[in-house]
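Engineer: One letter stands for each residue in the lines below.
2 protein chains.
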Amino acid sequence: MEPEIPEPESASKIGQQLAFLVEADKLKNVLRRTMLTDGSRQENTAEHSWHLALTAMVLEEYAPAPVNIAKVLRMLVVHDVVEIDAGDTFAYDTAGNATKEERERLAADRIFGLLPTGLREELRSLWEEFDAAATPEARFANAVDRIQPFLQNRETGGGTWHTHNLSRDQVLARMDPVRTALPQLWPTIVNTIDEFFAKPSA
Amino acid sequence: MEPEIPEPESASKIGQQLAFLVEADKLKNVLRRTMLTDGSRQENTAEHSWHLALTAMVLEEYAPAPVNIAKVLRMLVVHDVVEIDAGDTFAYDTAGNATKEERERLAADRIFGLLPTGLREELRSLWEEFDAAATPEARFANAVDRIQPFLQNRETGGGTWHTHNLSRDQVLARMDPVRTALPQLWPTIVNTIDEFFAKPSA
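Taken in sequence, the protein lines are chains A and B.
Quick note: the first sequence uses the numbering used here, first residue 1, plus one each step.
Quick note: the second sequence uses the numbering used here, first residue 1, plus one each step.
Read the hints as simulated data drawn from the structure, not as lab findings.
There's no promise every hint is true.
You can't tell identical chains apart in this list, so a pair holds if it fits in one copy or across any two.
Once the Cα atoms are required to be at most 25 Å apart in a straight line, the calculated SDA-like pairs of lysine to any residue come out as [unchecked claim]:
#1 13 <-> 128
#2 71 <-> 118
#3 71 <-> 174
#4 199 <-> 106
Note that the coordinates shown come from a computational prediction; the quantities given were computed from them, not determined experimentally.
Full structure from sequences and hints, please.
Structural biologist: Structure below.
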């Protein structure tokens, strides 16, 4: 009788989990339009995702109804992993946004597909829930995803509002999820935007 | 009667929370010794913290007893924020580690001190719990904090094991928290370390 061939690590469950974690490292090389607050370089999506998780922890009390913070954090950690293949699509890029859904779906197939069954569906469904923005957790997480780049822009003289020549209406529309999901933050947001667009250089 | 002077945003509770979040952006400029898996550059502490949160989500099932995953994630998101002032202290740097505790305590005073009361104590205690490594959540989080750089090193031909001329015993000792907190991962860890140190170039 032939000796049983041991299962290679890459085919084992733990091997699949570690392969996914190694693949995830690539998110550190996906660049967003937003600059760091010191203006030294563009932010990458991995560090952005960390900053969102911290933002959720710090602003949780302002959610209009209690949220399951574990779900919010898990959603924020995973919500941009598809950008490893699909890249970051700038919020105001109309052409890019027309193909974003299809590009991200293919990316999700491949990247979550690295995981063993169970985890694969679990992480994918967190990503889908974030994108659908229909649950209290997803609405809160989406508002957090607006607040963090807003702060980076505020700290860098308008940031992408300035460099991409956006209008006050475009920025307000982009920030709109905050109005309902973090209502106590809304006056601060509107004041900052108004001050920025009142300046002659804006 | 003098008109009441409106409270500046920086003195309001929301203002303090946003100031902390802006300060946290600096963690993206704190460099660790670990390289990205493509070898292109050193990893920063913010993206490292994100990767740890993802690792905890993916490996949760291997914790020997159930853990409160919300607490684990909150702990991992916040555990290295003190490095904004204290810098990353390389695990094998004896001199640096002799002063690490004092440097990080002062950093915690200043950085968590930016937050309003309540949140300040809450986030600081998560950091302290991680460092004490005495609860199941902290032990799991500490093991995760060993696994992630281990994978980056494995993927870059030994990484810091190689560049810093570490011995097999040093690396095994550093990885030891995994032995008890993620026992099912331990054989993979030991095999990888043994394979690396068996090579003539190691």
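Engineer: Each hint: holds or not?
Structural biologist: A quick look at each hint next to the structure:
no.	hint	verdict
1	13 <-> 128	within (24 Å within a copy, 33 Å between copies)
2	71 <-> 118	both (16 Å within a copy, 22 Å between copies)
3	71 <-> 174	within (24 Å within a copy, 31 Å between copies)
4	199 <-> 106	neither (43 Å within a copy, 39 Å between copies)
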